[in-house]
Structures are given as structure tokens and as C-alpha cells.
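*Asks:* Sequence:
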Amino acid sequence: MESPLPPLPSMMGPYILQDLVDDLPLDTPENPNVEITCLEFWEENLYVGTSTHELLHFVSLPATLAPGASVEPPKQMYILASRPQPPPTPTVPTIPPYIKKIIVLPTTSTALVLSSAGFLSFYTLPEFTPLSGAPKLKDVAFIGGQDLNEVDEERIAAAEGRQVDAGRGKLFVVLAKGKLRIIRIGDTARLIKDIELKARAVEAVRRNMIVCIATAENYALVDVDNIRQIPLFPISSIPPSDSPSPTKSGPDTPQSLSQTSGSHVRNTSRSHPPRTSSLTPRERRNSSATASKESSATIHNRSSSTGSVRGQTSRQSSRGKIPTARGGKSASKPTHLSPPSPTSSRPLSPSASSQPSSPTARSETGLAAPSSSSKASSVASSTTPSPGSTSPTKTTPIGPKFSVKTEALISKGPLIPHVASPSPSEFLLTTGTTWEDPGVGLFVNVEGDVTRGTISFEKYPDDVLVQGPWVIAVVASRAIEVQRWNMDDGESEGIEGRGVLEMDDNGCRLGLSETIGLPGRVVGAAMAMLRLEMLHLRPGPDLENNESPELRRRNNEERIIAERISTVESSVVAFKGKRICALVETPLVLRLDSLLPTFNDGTPKTRIRNTLKTLRKIDAIEPTTERGFHEVSYIRQKCGMLLLGELLRLETFEGTDIQPDEIILSEEALIESAVDPRVVLAMFGGGFIEDIVLGEGGVWVYGGIRLVFDEICARRAERQVGYQRDTLLLLKRYLAVWRRKKGFGSIADEKEVFATVDVALIRVLLMLDSPEYLPQKGFTMVSEGNVRGELYALVDQDVDEFEAISNLLRSFGRLYVLSILLQNMKMYREVLVTWKKILEEGDKAGEFEDGEEKVRNYLLKLKDRSLVEEFGKWLATRNPKLGTQVFSDDKAKAKFEPEKVLEILKEHAPTAVRSYVSQLVEKGNKKYANDLILLYLDDLIKVLEEVPSASERLRDSYESYRALTSPKPTYREFIADNSLPLVETDGAGDTSETNWWRNRLRFLELLGGESPYDVAKIFGSLVKFREVLVPEMVILYGKEGRHEDAIRLLTHGLKDFDTAINYCLFGGLSIFQTREIITDRDEQKTLFAVLLGEFLKLEDYQERMEQTRNLLERFGGWVDVTHVLQVVPDSWSVEMLSGFLMSALRGLVKERAEASVMKGLRRSENFRMEADYVARCDDIGPTIER
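Using the UniProt record's numbering, read the sequence shown as starting at 1 and increasing by one per residue.
Just so you know, the hints here were simulated from the structure itself, not pulled from any lab data. Here a beta-carbon is modelled for each residue, glycine too, at the ideal position from N, C-alpha and C. Heads up, a few of these hints could be off.
Below, simulated DSBU-like cross-link-like pairs (lysine-lysine); rule was C-alpha separation at most 35 Å, straight line [stated by the list, open to error]:
1) K900 - K926
2) K926 - K826
3) K826 - K605
4) K881 - K836
5) K837 - K873
6) K1085 - K1150
Between beta-carbon pairs, the in silico distance windows are [as the list claims (entries may be wrong)]:
7) D661 - K891: 49 to 57 Å
8) D661 - Q76: 49 to 57 Å
9) E626 - N556: 15 to 23 Å
10) N556 - D194: 53 to 61 Å
11) V833 - N556: 48 to 56 Å
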């Protein structure tokens, strides 16, 4: 008992079966179990030959799509139009005849019908009525053999829209009565040539005028032009004596005749005759030369003689192995087919019986093929001898039904031959050992030499066709095996190279037939994948449940387009019982889609790798058709979405073994997929859905993409997995690439797409720069750049959806980034309002460093006076120094008068008035110096009145300075070096321990400056603090010309002797200034005399002597010696004043010497002048006055 067939592989094979008719109405009350034996399509007509020797003409009705129907295209309906008169049958047939073959000739509106009884009849098209006056041929075993080269040319011309001249008709091969007849069928049928054959042939395929024929046992090539035959190898490698003989055959039965006629060929082939044994010596040389041109790499491992092929097949078959294919390499096996069960069908072999072939014989195929390598015709399942040559008494009775249920009564006969032509110079022939063992396909050229590696079949085939690069075979009467014949040596044969199809096992025989008029078939699965559908990216009511007229129109348009691009041309049908299926080449989209993993296959690592592997296959495909473009686009999009879906599902990349390059490849796949970025964002979900901008038409995607999208979103909703930083970085790079496409103009819904991209890109950058994802920074698998810098650069460019982006930035609390966006939009007020909010509420992100200074710089660039005034006075309130610079800086574009600024500041920012006036004074505006001094004076007095410790500190500073021993710095240097750094506060009224001290220093500088001010007013204000404000009093005394008082305070109050000397040299202005202003020498002498008197009044004797001696020695030239001697105490010895006296005496000597020299110089000058006068007089000469 046979084992059941294993299930079909999950991956899609090269061909699929598509139902044409589920249950063709064939039965009649007299014959309830009628089966199809052959058929042909032409235009809207279906012509069927049955097992009861009937011809049925069906007409198809246009299929209509019912409202709300699925995307699966509806099936056409066929109604019976007529029952044409069948060909004649023998008067007393030994077995019920059946229709073997139907050939349609559209160019002549003629059809040929071959009966199993050997009668060939002619019919008209499309009515299918017997052609009046047409000949009726008898004893015909085969009709076909149209030149396949002409078929290829006609097909190319039809594709290009050209008409082909049928000429005088078409040549066909007729095998009858041991002859090969070439007939021309046009308006009439004419015999062109008769060729006697060595054996009774049952099948033929023609290329030009070379015909490859098959007898019951052997193959041969026939050169029709030169009328010569080239014997090839036998069909079976088992000797005839070992072949099973199901019935007794008399000497006159077809079996005995075929065996007798074929014995010579078989015996000859065993002795290894040369392939060109029937050729002339010259022809043999040409044949050998042709064969020698083939590459040794292609030939050396392949069969070169029938003996070797037969021996190889026999040995391998006996071990139950598939013969070596493709130059000795083992071919990968498709789904295993077990031997058929006793109830399964088995075609009767050509030599299985001595009576005419029974209806269980295999069907014939039609003519035209869709590709250049096709089988134009096939043989009947058994040799059909002339009725007169049969011996009824020697036959085995067979029931009237054409059903494999009679298989138990029929023994398996010898193998039947199969001939096809895959290319213009090659023929494909089958050979084997038994029906249960594997079969082998060999390729021979027109010279009879093997040209390429063999192909293998799971079991010896019942029928073989060639369609383009595919060999289609019926195996074990219940499965269709498909494999490539043109695969190069070393190329892998996997799911892409082989496939197995099955029809339901209803106990009937499975047959194949080529047709010329089969309309293109819509592949429903491909249509469902490639049809554009609206994708709902946001939760809400389903618009499809309430279709608008516009949506209904669009859906209809997309259905029509999807039908067109999902339509596949086919010329092969499979039939079994009353069922007819089209054998359709699997669309590329289905084959590639079947290679992609599901979400439950293996691990994320394996799923990602398998998807990337499929993408590499796509890279080698260059689509040249509309359908090819959509197929590649769909697979790319699905691969990109699957890869992204895998990354989104991961809670962590640790332990997944996913490599960085695989993340990069996934990113590239997503970019190259060209999937709408709004779909990608919807897959991420969460806040990204809010960023999606939709147009009126919505988002349309392929139907298959919609399913993938729904599944990914459903799985994410179930698990609620967050985002990994690597995944967000991938999204960032993906969106950045899309953003660079802005302006290309070739993107649908461009406005909505790029508006979405802008918002989403900013969102993902904000997320990456947020506390939630920053901890993962530095630990990503793919390196990242400066995310914050990218964010700033992005918002500083032109972006769409300003409102959405600004709201997004506010929601993330990124006000500084918002201000950059507002600056780019030239919304100056909003920028300042945002910065004001940051400064007042705090900068949590730490982005607005030196914020007040940035506000100042921004205001300096503005020309809007009202805006500058509003935020300038606000800034002056917060930071008087920076705020007042907005009004006083020369670089400011908005100019204000100082009086106006003072008015503004006094009203809104009084603490900034002093800072502003100070800046005016520093720029040389002297008229505000008095105001500035009064402001500092008010502050100083306020501090002294309110802070008792301030007076104490001043007194302490004096005591500390007086305690210093000489040499010591000036008091100005002392208090400057001992003051702390300035602390920024609100300005005036500053009572800070640090600031009031420094403000006092500034006050001293202003007092000692050249700017005019009201001395009396200031003196009156300070007089009550004169004991603690000694330097201030010194300056004021100097301003009033009270030099003695000033020098006294410097000498006795501060003991700042160096400053006292400077006072005498440069005047009172130099006390707290660095400028050297030389006063009149007489005034200097007067001041030094006063200073000498004060030094002599110093209480400390040692200090008095030291300072007096130092003064006299350094500046003795400014004092009169007589005055010194008068004021110096008599108790001082001459030695104490020796320095001064020596200096004075040297001065006197110097003066006397200088006076003598001057006197001499004057005398010399007088002599020179007198000499010049005398010389001038001589030059003039005397004059006489009359």
C-alpha cells in the first residue's frame, strides 16, 4: 500500500494551480462518469474532448464582482453551447474510443481533432462544426509538430503588436502507418513529404526541419530536408526481455509490432554506435567538430552515449536514488512522492496491450506555448494502431469507464516516451527503468549529442512539458513536479528551483495540456498583497464601514490596477476528472514573500538574518515591468517593516546576539523600502501617532503591508514594550534621511509627509535628550553623534507644522529650543517672552547659560524701540549692569536719549539708574558726573547711617594702615588690595559688606577725577563723617584749595607719606588718579614747604627724622635752604642734614657754573653777531648820499 503524500512545503514553489472550472458538466444519463481527456481554449470558447468520445463546446460568461466581495477574483462561468459531431469510430470498436487531441488554428479558423481510434477530423471555428469537404485521415497516431521557432516568432510579434503573415498555412507532423508525414494546413490540407520510419513513432517535436521522434522504445532525430535519421538511446534501460508484459500479445498486435520494429534500434544503441552513423563522412566530421566546440567543463561529466546513460540510470535506479544531475552533482529532491496506491491512476504504456489504446491513456497537449522553450505537442498515452491491424481476440477487455479505478485490472506496461524542446537547438528526452523508480531527463542537440547535465524526476513522469525555464511533469499520476532546466552548474537548487503541486485525489487521471487561448489569470494572493488599501494610522471609526463616494471610487480603481498587475499569462492547464486548473507561474511577490519569516519562527536573531538574506536576493533583481516594480517594492517594504518590528519587540539587545552591522542593515532596508514614514511612526506608537499629519486621501499601502502593520501593532499593544535607545537612534537616522528628500517632488502627499517627519524627528531627538533615555547614552551598539546639537540645528532650519512643534517643545519643557525655533521664525517678542520665562522659572535642562547676557545681545540687535524698551527695563531690573547696556551700548540698533532712558529707569528700574549714569560718565559724558557722584554719595551715607560696622571698618583700616612701617603702599593701594570681589546685586542702595566697600573706591575715583561737580554740596554731606572718610576729605580739601588741611590729613590722619609727596608734586587731583599732572614749580615749592612743616610735627621722633631726611634728600631742590635751616630744630646735627646740605651746596656750585657758562655763551654770541654785521657791510659797500 502506498504511503500518503507529505504536506506541501510552506514556501511557495515556482508554479501554483488556479481553478478554472470546479465541476464541468460532462455527464449524461447514459454516461454518468465522464472525464476530460483533452481540451483547448480560444477566445471565449472552451473545447473539451471526453472519455466517451464526445466533443463539447462551452462558452464563458463574463465574471462579475459582487458588492462587498473579497479581493479573490471571481471565476468565469462556462455554459454548454453545443455538442459537435465527434470523429468517426470503428464499426465494431474493441474498446470505447475517446478524444485524444484538439488543435486550434486561429489563422485559418480551423480545428483538428484526433480520436483514439486513429481518425483525424477538421472543424470550423468558433462554432466547432465539421468542416465541409475536409479530408478524413485514418490510422493517425499523432498530430502536431508545429515548428517551435515559428511559434516563438509569433509570440514575440504578438507582444510587440505586429501581425504575422500566415502565408500558405502551417506545417504539421502526422505520424501514421509507420511514416512521418509533413502536411500543410491552410485553406486545405496538403501532403508535403512522406518519410518512412524504422519503427512506428508515437510522438514528435520539431525545430525548423529537425524532428525528434519517439517510438514505443527508442528516440531518434529525423532530418526532414535530407531524409535521414539519427538513432538515439532507448526509453527504458531495462532490456525488453526484462520489461513487464501485462497481456499476451500476438504477432500482429501493436505491442509486438513496436517491439519488433524497435529491437534493432535498442540493440544498436547497446553496441554504442556513433551518433552520426546515418550521416555521410563529411557530415560526421561536421558533427564531431560541432561537438568538440563545447566547453570541457560542461561536457566531461555528462553522458556521451546511450550506453552510458542507460547504464547510469539502471545502476542508480536499482539503488532507488535520483540520477546525478547538473554535471554529476546531486539534484535536490522535492517533496517525496510515494508509489501510487492500487486505486490511483496509472497511464497505459504504448505497448501494454495489442488492442487500440484505452481511455486510460494520458492526454495530449496543445500547440502554442508562452515561452521560447516549450513543448509544442505531446504524444497520446498509448500507440493507436489502425483498427484494421488490431486483433480483437488477443486483447484484454477493459471496462467502458475512463477511470483509474480500473487500475487494479490493468498491469503497468513499459515506460512511455516524452519529448520536449527547451531551446531552439535542444530537445529534452526522458528515460528511466520502471514507473516506481526516478526518471531522468537528458538534453540533446540537433546532432544527437548530450549538451548539458541531466535533470531528475521523483518518479518516471506520466507527461512532460517545458515552459520557459521550467520543466513541468506529471509524477505518479497525482502530482505535478516543476523544476528548472537551465540552472547553471553549481547553482543551488532549492525552493526557487523545484516545486510539487497536487490536485484532489478523486480517483481520476491527472493530465496536462498546452493551450493557445487561455486568458491571463489573476492571482488572488498576489492581488491581495499588491492592492493598495487605506491604512488607519490612528484609532477611531473605520472609514471603510462608511465608504464615501470618493473612497468607493478609489477602491474600485485600486482593485482594477491590482487585477492588472496580478494577472499572469498561462498556457498550461491541468485537468482531473471534471476539474480544470490553470498552471500559473507563481508571481515573484508570492515566492519571495514565502521566504520571509513569521514572528513565531525561531529567535529574533534568525528572523533578522533570514529577512536580510531575502533582501540580498532582491538586490539582484532589476524590475522591467509594472508588476515587477510593485513586487520588488512590496517585498522591500515588508522586509523593512519586519526588521523594524523585530527591533521594536526587544526589551533589551543583551543576549540577542544581534550585531551592530545588522542594525545598520535593518536601517538601510527601512530607508530603501520607501515605505511611508507615517506608517513607520505608527508602528512606534505612543506620542508618535500624534505627530502624524494626514491628508484628505489618507495613507494607502499594499494590502500585505497592512496585514504586517496590524500584526506588529497588535503585538506591541499586548506587550507594552518601551523603546531602546538604539531603536530611537535608528528612527532618528531614518527620519533624517527622509527629511533630505524634501523638495524632490516625487513623493506622494509631500506636504503631509514632511510635516510629519519634522515633528517626529524633533520628538525623537527630545526623547534621546531626555532623562529617561540619557542613562543609556554611551552604551548603544551603534555610535551616536551630538543629539542636542542636532536638535538645535534642526529647529534653526525651516520646519513645517510650527504649531505642532512649538507645542511639542513646550510639553517637553524645552523652552530654550523653542526660542531657537521662534528666532528662526523671526518672532522676536515670543523669543524674549520665552527667555524671560526661562530666567524667571528656572532652566531645568541647563541649556540657557549666561541667559541674561544672551538677552542683552539679542536686544542690541533689534530695531524695534518698543520691544527693546519693554525688555530692556525688565533686564535692568534683574541685572542693572547688563540691562543698562541695552540703552547705552554704541552697537545697539535702537537708539535712546539719555534723558529718556533715565526717565524709564527711574520709573521701572531705579536700581539700574546708577549703573546707567556710570556708563554715560565712562563714555565721557561729563555732565552726568555730578549725578553719579551724588548717587554714590547717597549710598555711602546710607551705609554709614544704617550699618554701624561700616564706620568701624573704616577706622580699623586707618589704624591698620598707620601701623605699617615704611616702606609701605599708598592708602589707595592698601584699600584696593584688601577689598573682596564684587557681588552682583540689585545695584543702588547696596549694603553688602563687599559691595559698599568697592562702591566707595569708585566714589573716591569719581571725586578725584576731572569731571566737575558740586564740591560744596558734597562737602556739606560728608562733613559729619569726616573722621571716618579721611580720603574723601583730602580730595575735597584739595578741590577747595585748602592744601594745608589736605596735607595735614595725609600726614597725620593717614600717615600716607607717599601720597602726601604726590600731592605736592601733582596737586590734589592725583590722589586717586594715575595721571601725572605737573603743577607750577612755585606752587610745588609752596606745598613742599607746607609738607616739611607737617613732617617736623610728627609725634614719633624717629619717624619725624626719617621722613624729614627722606624728603630733603629726594626733593631738597624744591625747598629753600635758608627756610630749611630756619625751621629745622637746632638740636639736629649737621650730619643729620648732611645729605640735604651736600645736595644744596652741589646745587649752588652747579648754578654758579651754569651761570658762568651762560655768560661765556652770551659773549660768544655777541662776537658772532658783530662779525656778521661787519661782513654784511662789506658786501653792501659804501654809499654816497648827496
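*Asks:* If a hint holds in the structure, say so; if it does not, say that too.
*Replies:* Hint check:
no., hint, in the structure
1, K900 - K926, "holds (18 Å)"
2, K926 - K826, "violated (39 Å)"
3, K826 - K605, "violated (50 Å)"
4, K881 - K836, "holds (17 Å)"
5, K837 - K873, "holds (16 Å)"
6, K1085 - K1150, "holds (20 Å)"
7, D661 - K891: 49 to 57 Å, "holds (53 Å)"
8, D661 - Q76: 49 to 57 Å, "holds (51 Å)"
9, E626 - N556: 15 to 23 Å, "holds (19 Å)"
10, N556 - D194: 53 to 61 Å, "holds (60 Å)"
11, V833 - N556: 48 to 56 Å, "holds (53 Å)"
Checked against the numbered hints given earlier, this structure breaks hints 2, 3; the rest are met.
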